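> Chains as they are written, first to last, in my numbering: chain A, 109 to 223; chain B, 88 to 200.
Be aware that one or more of the hints could be misleading.
What the hints assert, rightly or not - Taking lysine-lysine and the DSS-like style, the derived pairs with C-alpha atoms no more than 30 Å apart in a straight line are:
id: 1; chain 1: A; residue 1: Lys-210; chain 2: A; residue 2: Lys-163
id: 2; chain 1: A; residue 1: Lys-186; chain 2: A; residue 2: Lys-210
id: 3; chain 1: B; residue 1: Lys-167; chain 2: A; residue 2: Lys-210
id: 4; chain 1: A; residue 1: Lys-163; chain 2: A; residue 2: Lys-181
id: 5; chain 1: A; residue 1: Lys-163; chain 2: A; residue 2: Lys-186
id: 6; chain 1: B; residue 1: Lys-166; chain 2: A; residue 2: Lys-186
To be verified - Between beta-carbon pairs, the in silico distance windows are:
id: 7; chain 1: B; residue 1: Ala-127; chain 2: A; residue 2: Met-119; range: 15 to 21 Å
id: 8; chain 1: B; residue 1: Lys-167; chain 2: A; residue 2: Ser-182; range: 40 to 46 Å
id: 9; chain 1: B; residue 1: Ser-164; chain 2: A; residue 2: Pro-149; range: 26 to 32 Å
id: 10; chain 1: A; residue 1: Leu-155; chain 2: B; residue 2: Asn-117; range: 19 to 25 Å
id: 11; chain 1: B; residue 1: Lys-166; chain 2: A; residue 2: Met-119; range: 37 to 43 Å
id: 12; chain 1: B; residue 1: Leu-170; chain 2: A; residue 2: Ala-180; range: 38 to 44 Å
id: 13; chain 1: B; residue 1: Gln-160; chain 2: A; residue 2: Gly-207; range: 22 to 28 Å
id: 14; chain 1: A; residue 1: Glu-123; chain 2: B; residue 2: Pro-95; range: 34 to 40 Å
Honestly, the hints are just simulated from the structure, not real lab data.
On a predicted model such as this, the values are computed, not experimentally measured, just so you know.
Ideal placement from N, C-alpha and C gives every residue a C-beta, glycine not left out.
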Amino acid sequence: AQTVTQSQPEMSVQEAETVTLSCTYDTSENNYYLFWYKQPPSRQMILVIRQEAYKQQNATENRFSVNFQKAAKSFSLKISDSQLGDTAMYFCAFMQIQGAQKLVFGQGTRLTINP
Amino acid sequence: SQTIHQWPATLVQPVGSPLSLECTVEGTSNPNLYWYRQAAGRGLQLLFYSVGIGQISSEVPQNLSASRPQDRQFILSSKKLLLSDSGFYLCAWSRLPGANVLTFGAGSRLTVL
């Protein structure tokens, strides 16, 4: 079974700083997807960024980018020029391609952006 | 465009009472549907998923059940709630082909007293 581990329960940075959230996963699959979801205080789950394992190029969405290291099974999220609205729980998630397409989540990192 | 609705948003129920949480998706057909639970301060645990009407897969043994009476309707139920059923329940959907993105509803907060 796949597992996702987020080793940082909480992080806090100043506005405009850059912050990196860590995620590691365990799988025997070769092809899969990785995601970062954001859950603000409203508790709505919002997709931040997605990475296909077969793509070597790291995904980027505006201020959000990932560092995908397939051999190390590592998938970190970098937030540049952090904003107050980035304050949220961030969840790393894994989805296998074969079989049932289910998301397996990490325990989350609570990120606080301070003014 | 596709939308997902989930209700009720909040629910306070006594131990031993029944439960029904409903989720519907609009603007698509034959979606994959999911129920997740989020305990306080923790990650999301997959409870059930469905790839079609009447097709339900359970991920963990528990006091809950799920049904899919219509293509875009997914219901989470319990006959007798336990204190441990308290939590935040999220419904999600994805669409084939290329169904690799789950879109979540706004969630239902259940408190069992």
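> Indicate, hint by hint, whether the structure satisfies it.
Against the structure, the hints:
Distance hint between Lys-210(A) and Lys-163(A) is fulfilled; the C-alpha atoms sit about 20 Å from each other, no more than 30 Å. For the hint linking Lys-186(A) to Lys-210(A), the alpha-carbon distance of about 25 Å falls within 30 Å, and the restraint holds. Distance check on the hinted pair: Lys-167(B) and Lys-210(A) sit about 27 Å apart at the alpha-carbon level, within 30 Å; holds. Between Lys-163(A) and Lys-181(A) the CA atoms are separated by roughly 14 Å; this keeps the pair inside 30 Å, and the hint holds.
This hinted pair checks out: Lys-163(A) and Lys-186(A) have alpha carbons roughly 18 Å apart, not beyond 30 Å. This hinted pair does not check out: Lys-166(B) and Lys-186(A) have alpha carbons roughly 45 Å apart, beyond 30 Å. Between Ala-127(B) and Met-119(A) the Cβ separation comes to about 19 Å, which falls inside the hinted range of 15 to 21 Å. For the pair Lys-167(B) and Ser-182(A), the supplied restraint of 40 to 46 Å holds, since their beta-carbon distance comes to about 44 Å.
Between Ser-164(B) and Pro-149(A) the Cβ separation comes to about 29 Å, which falls inside the hinted range of 26 to 32 Å. The supplied range of 19 to 25 Å is met by Leu-155(A) and Asn-117(B), whose beta-carbon atoms lie about 21 Å from each other. A hinted range of 37 to 43 Å holds for the C-beta pair Lys-166(B) and Met-119(A), which are about 42 Å apart. The supplied range of 38 to 44 Å is met by Leu-170(B) and Ala-180(A), whose beta-carbon atoms lie about 41 Å from each other.
In this structure the hint that Gln-160(B) and Gly-207(A) lie 22 to 28 Å apart at CB holds, the actual value being about 24 Å. Checked against the hint of 34 to 40 Å, the pair Glu-123(A) and Pro-95(B) passes, with Cβ atoms roughly 36 Å apart.
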